[in-house]
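*Asks:* Here is how the chains run, residue by residue.
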Amino acid sequence: MGVLLEIDGLKTQFFTSAGTVKAVDGVSYTVDEGETVAVVGESGCGKSVTAMSILRLIPWPPGKITEGVIRFAGRDLLQLPEDEMRDVRGKDISMIFQEPMTSLNPVLTIGLQLTETMLTHTSATENEARKRAVELLDMVGIAEPERRLAQYPHHLSGGMRQRVMIAMALACEPKLIIADEPTTALDVTIQAQILELMKNLTRDLGVAMIIITHNLGVVARYSDRVNVMYAGKIIEYGSAADIYYRPHHPYTLALLKSVPRMDQPRQAKLDPVEGQPPDLTMLDGGCAFRPRCRYATDECAKGLPPLENVGSGHFTACFQKDKLVSSLQEAS
Amino acid sequence: MTPSGQAAVQDSSHYRGNPTGEVLIDVRGLKMHFPVTEGVLIPRVVASVKAVDGLSFQIMKGETLGLVGESGCGKTTTGRCILQLENPTSGEIMFHGQDINGLDDKAMIDVRKKIQVIFQDPFSSLNPRMKIGEIITEPMKVHNIFPDEDARQKRAVDLLTTCGLKANFYDRYPHEMSGGQRQRVGIARALAMNPEFIICDEAVSALDVSIQAQVINLLEDLRDEFGLTYLFISHDLSVVRHICHRVAVMYLGHMVELADCDELFDNPIHPYSQALLEAVPIPDPDLENSREHKIIKGEIPSPISPPSGCVFHPRCPKAVAKCSNQFPELREVRPGHWVACTEV
Numbered sequence: 001m002g003v004l005l006e007i008d009g010l011k012t013q014f015f016t017s018a019g020t021v022k023a024v025d026g027v028s029y030t031v032d033e034g035e036t037v038a039v040v041g042e043s044g045c046g047k048s049v050t051a052m053s054i055l056r057l058i059p060w061p062p063g064k065i066t067e068g069v070i071r072f073a074g075r076d077l078l079q080l081p082e083d084e085m086r087d088v089r090g091k092d093i094s095m096i097f098q099e100p101m102t103s104l105n106p107v108l109t110i111g112l113q114l115t116e117t118m119l120t121h122t123s124a125t126e127n128e129a130r131k132r133a134v135e136l137l138d139m140v141g142i143a144e145p146e147r148r149l150a151q152y153p154h155h156l157s158g159g160m161r162q163r164v165m166i167a168m169a170l171a172c173e174p175k176l177i178i179a180d181e182p183t184t185a186l187d188v189t190i191q192a193q194i195l196e197l198m199k200n201l202t203r204d205l206g207v208a209m210i211i212i213t214h215n216l217g218v219v220a221r222y223s224d225r226v227n228v229m230y231a232g233k234i235i236e237y238g239s240a241a242d243i244y245y246r247p248h249h250p251y252t253l254a255l256l257k258s259v260p261r262m263d264q265p266r267q268a269k270l271d272p273v274e275g276q277p278p279d280l281t282m283l284d285g286g287c288a289f290r291p292r293c294r295y296a297t298d299e300c301a302k303g304l305p306p307l308e309n310v311g312s313g314h315f316t317a318c319f320q321k322d323k324l325v326s327s328l329q330e331a332s
Numbered sequence: 001m002t003p004s005g006q007a008a009v010q011d012s013s014h015y016r017g018n019p020t021g022e023v024l025i026d027v028r029g030l031k032m033h034f035p036v037t038e039g040v041l042i043p044r045v046v047a048s049v050k051a052v053d054g055l056s057f058q059i060m061k062g063e064t065l066g067l068v069g070e071s072g073c074g075k076t077t078t079g080r081c082i083l084q085l086e087n088p089t090s091g092e093i094m095f096h097g098q099d100i101n102g103l104d105d106k107a108m109i110d111v112r113k114k115i116q117v118i119f120q121d122p123f124s125s126l127n128p129r130m131k132i133g134e135i136i137t138e139p140m141k142v143h144n145i146f147p148d149e150d151a152r153q154k155r156a157v158d159l160l161t162t163c164g165l166k167a168n169f170y171d172r173y174p175h176e177m178s179g180g181q182r183q184r185v186g187i188a189r190a191l192a193m194n195p196e197f198i199i200c201d202e203a204v205s206a207l208d209v210s211i212q213a214q215v216i217n218l219l220e221d222l223r224d225e226f227g228l229t230y231l232f233i234s235h236d237l238s239v240v241r242h243i244c245h246r247v248a249v250m251y252l253g254h255m256v257e258l259a260d261c262d263e264l265f266d267n268p269i270h271p272y273s274q275a276l277l278e279a280v281p282i283p284d285p286d287l288e289n290s291r292e293h294k295i296i297k298g299e300i301p302s303p304i305s306p307p308s309g310c311v312f313h314p315r316c317p318k319a320v321a322k323c324s325n326q327f328p329e330l331r332e333v334r335p336g337h338w339v340a341c342t343e344v
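Sequence lines, in order, name chains R and G.
Under my numbering, the first residue of the first sequence is numbered 1, with each subsequent residue one higher.
Under my numbering, the first residue of the second sequence is numbered 1, with each subsequent residue one higher.
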């Protein structure tokens, strides 16, 4: 399948009174048609800002995309005039946000919010749009869809609102859906329902998806490829199996080891990453993970580790990757 | 009969902490119904939200009891009732054999020193206008534990160090700290009173995974060092499995299952506990893809008008006709393993 989205050398910065925050600092990745790609990382690593940059939703001031190319279906989104960009948003690329409570307009009915995108982006009449809205609600598993159209968001539970958000995202048959922590605010049984729904719908409709999350379990089940971000950069990417079974970056390894696992015997003590994530205004030229890294040497301070190929489609940015791999082999 | 933890806690090497046979907290038939009113000038009660509806359990000294369930199941309300931040509708909360329900304010002061809480949100649970030092010393001042200011300051600095923070945080404000550091301040504040019992209400849920592991380790170290007893309220089952000795599963104000941690996670009996465990994704792609996912349908009903009979029956894959009219009592199906389901 062809490449649908290609991000190349993206830099997004926020110019604040405390200094320039390099939220996204040279991020490159691709998404193929129909593929699900995960972006994993902790708060402030730039995963959401990357997603907002794709849709050009970075507020200026203080934020600005300073460098890079975002090629979507052959066009560079960063060069498009604003009115053409509006056609892309919601039609070709749609977004599902984390908070189903705040991302729906509380004073508009579900029906109005669902048909709005269709009326804006397609030639559908109001009746056609309503008919399609009923279909969509049915597709995402909402009972009595006709009655729901007249209801307001506060009539619905969190899980139902997230289903409405998914219906809205699918309304104009997009090629790509960006889901930013789509289930973080939901309970675990509802999370399982929503993720299964998203997986089935994207597969049946052939929609590509970028799923942004900090939950490594969600990533394991629902994504083909994984990008791990730290301090504004992708530090490792590869297939889900590469990341989980053959991590080559100390941060990826530490993330995997710091969560207690349900399928393994209980450990006496967890193995956390010591220290705090770095201040993004104060990054030096070296590896940003260095102060928290168990494998760090003087070499790590000297320059930025480049992303290097360590297996088919598996790349890692670490000077000490050989040391890490051999120590893992010894341990097993 | 009240479910007790006696003889239930195993002596395995992977258990940390040291649960004893002595009962510290004994909750009997706790009910917390919040009135729903209509009318602005003359409000009248038209219904009630049955947040907690008849809950009984015991916590042994030195034990960590996990309380799990989804939003709205009443786990936080249970914690608030024990803290006497709510006035329970009925039931007894025995602390060291004394019912603290309805104690007058004066008698409550002594109890409050011994029962502390760590909240979920490290951003809203610290006063933004107070320095960290003031936040930690204030409870000591209020309870007149260290009348001397220098002694208080010394104790605060000790507590900061115990919780893995530098002594110079004493003069900082909460906004200068990260989420993990603030949560450590919350823990230091809870420890200031030398409590016996700490309620951890989603204490690590708002933290990033790498920081979460640090705070979990800290909570465990403190438990060992000071012989603390925890009620660990959380929706994160993998964290609960790691830290707890026994686990209680709640659904819509009722306890549906209570067992030893390993027993509950290895052999869940109640259909809701089974569904809850099934729903947790595991960070292992091959395992996830080969695992069958039985996803329960539907959503949690409103606690204003809970379903009749077993509250879980509308979503239950094993429900039979009598589940809709017969309320299942908790019963002991194996030693120390309590389940509220008539069909097992």
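Keep in mind that the hints were calculated from the coordinates and are not lab data.
Treat the hints with care, as some may be off.
Said to hold, decoys possible - If you want the ones that stay clear, here's a sample from chain G, every Cβ over 12 Å from chain R, calculated:
no.: 1; residue: Asn-289
no.: 2; residue: Lys-294
no.: 3; residue: Pro-307
Unchecked claim - Subject to a maximum C-alpha distance of 30 Å in a straight line, what follows is the list of computed DSS-like cross-link-like pairs (lysine-lysine):
no.: 4; chain 1: R; residue 1: Lys-131; chain 2: G; residue 2: Lys-154
no.: 5; chain 1: R; residue 1: Lys-257; chain 2: G; residue 2: Lys-166
no.: 6; chain 1: R; residue 1: Lys-199; chain 2: G; residue 2: Lys-154
no.: 7; chain 1: G; residue 1: Lys-318; chain 2: R; residue 2: Lys-199
no.: 8; chain 1: G; residue 1: Lys-141; chain 2: G; residue 2: Lys-131
no.: 9; chain 1: R; residue 1: Lys-302; chain 2: R; residue 2: Lys-257
no.: 10; chain 1: R; residue 1: Lys-323; chain 2: R; residue 2: Lys-269
no.: 11; chain 1: G; residue 1: Lys-113; chain 2: R; residue 2: Lys-257
no.: 12; chain 1: R; residue 1: Lys-199; chain 2: R; residue 2: Lys-257
no.: 13; chain 1: G; residue 1: Lys-31; chain 2: R; residue 2: Lys-269
no.: 14; chain 1: R; residue 1: Lys-302; chain 2: G; residue 2: Lys-294
no.: 15; chain 1: R; residue 1: Lys-269; chain 2: R; residue 2: Lys-257
no.: 16; chain 1: G; residue 1: Lys-114; chain 2: R; residue 2: Lys-269
no.: 17; chain 1: G; residue 1: Lys-31; chain 2: R; residue 2: Lys-199
no.: 18; chain 1: R; residue 1: Lys-131; chain 2: R; residue 2: Lys-64
no.: 19; chain 1: G; residue 1: Lys-166; chain 2: R; residue 2: Lys-22
no.: 20; chain 1: G; residue 1: Lys-154; chain 2: G; residue 2: Lys-61
no.: 21; chain 1: G; residue 1: Lys-131; chain 2: G; residue 2: Lys-154
no.: 22; chain 1: G; residue 1: Lys-113; chain 2: G; residue 2: Lys-31
no.: 23; chain 1: R; residue 1: Lys-269; chain 2: G; residue 2: Lys-297
no.: 24; chain 1: G; residue 1: Lys-114; chain 2: G; residue 2: Lys-131
A quick note: this is a predicted structure, and the numbers were derived from the prediction, not measured.
Virtual Cβ for every residue (Gly too), placed ideally from N, Cα, C.
*Asks:* Hint by hint, say whether it matches the structure.
*Replies:* Results for each hint:
For Asn-289 (chain G), the condition that its CB be more than 12 Å from all CB atoms of chain R is violated, with the nearest at approximately 7 Å. The beta carbon of Lys-294 (chain G) sits about 9 Å from the closest Cβ of chain R, which is not more than 12 Å, so the claim that it is off the interface is violated. Residue placement check: Pro-307 (chain G) keeps its beta carbon more than 12 Å from all beta carbons of chain R (closest about 16 Å). Between Lys-131 (chain R) and Lys-154 (chain G) the alpha-carbon distance is near 70 Å, which puts this suggested pair outside the 30 Å criterion.
Distance restraint check for Lys-257 (chain R) and Lys-166 (chain G): the Cα-Cα separation of roughly 26 Å lies within the 30 Å cut-off, and the hinted pair is therefore satisfied. Restraint check: the Cα-Cα separation between Lys-199 (chain R) and Lys-154 (chain G) comes to about 56 Å, which exceeds 30 Å; the hinted pair is violated. The suggested pairing of Lys-318 (chain G) with Lys-199 (chain R) holds, with an alpha-carbon distance near 27 Å, which does not exceed 30 Å. With a C-alpha separation of about 15 Å, the suggested pairing of Lys-141 (chain G) with Lys-131 (chain G) holds against the 30 Å cut-off.
A hinted pair counts as satisfied when its Cα atoms are at most 30 Å apart, and Lys-302 (chain R) with Lys-257 (chain R) qualifies at roughly 28 Å. For the suggested pair Lys-323 (chain R) and Lys-269 (chain R), the alpha carbons sit about 24 Å apart, so the restraint of at most 30 Å is met. About 37 Å separates the Cα atoms of Lys-113 (chain G) and Lys-257 (chain R), which puts this hinted pair outside 30 Å; it is violated. For the given pair, Lys-199 (chain R) sits about 27 Å from Lys-257 (chain R) by alpha-carbon distance, which is consistent with the 30 Å threshold.
With a C-alpha separation of about 37 Å, the suggested pair Lys-31 (chain G) and Lys-269 (chain R) falls outside the 30 Å cut-off, and the hint is violated. For a cut-off of 30 Å, the pair hint linking Lys-302 (chain R) to Lys-294 (chain G) is broken: about 51 Å separates their Cα positions. Taking the CA atoms of Lys-269 (chain R) and Lys-257 (chain R), the gap is about 11 Å. The hint holds against a cut of 30 Å. The hinted pair formed by Lys-114 (chain G) and Lys-269 (chain R) meets the criterion: a straight-line CA distance of about 27 Å does not exceed 30 Å.
Proposed proximity of Lys-31 (chain G) and Lys-199 (chain R) is contradicted: the alpha carbons are some 41 Å apart, above 30 Å. A C-alpha spacing of about 40 Å is found between Lys-131 (chain R) and Lys-64 (chain R), which places the hinted pair above 30 Å, so the restraint is violated. A threshold of 30 Å between alpha carbons decides the hint, and for Lys-166 (chain G) with Lys-22 (chain R) the separation of about 28 Å falls inside it, so the pair holds. Among the hinted pairs, Lys-154 (chain G) with Lys-61 (chain G) is consistent with the structure: their alpha-carbon atoms are about 29 Å apart, no more than 30 Å.
A threshold of 30 Å between alpha carbons decides the hint, and for Lys-131 (chain G) with Lys-154 (chain G) the separation of about 15 Å falls inside it, so the pair holds. Of the supplied pair hints, the one linking Lys-113 (chain G) and Lys-31 (chain G) holds, its CA atoms being roughly 24 Å apart against a limit of 30 Å. At most 30 Å may separate the alpha-carbon atoms for a hinted pair to count; Lys-269 (chain R) and Lys-297 (chain G) exceed this at roughly 36 Å. Using a Cα cut-off of 30 Å, the hinted pair Lys-114 (chain G) and Lys-131 (chain G) holds, with the two alpha carbons roughly 24 Å apart.
Violated hints, listed in ascending order, are 1, 2, 4, 6, 11, 13, 14, 17, 18 and 23; each of the other numbered hints is respected by the structure.
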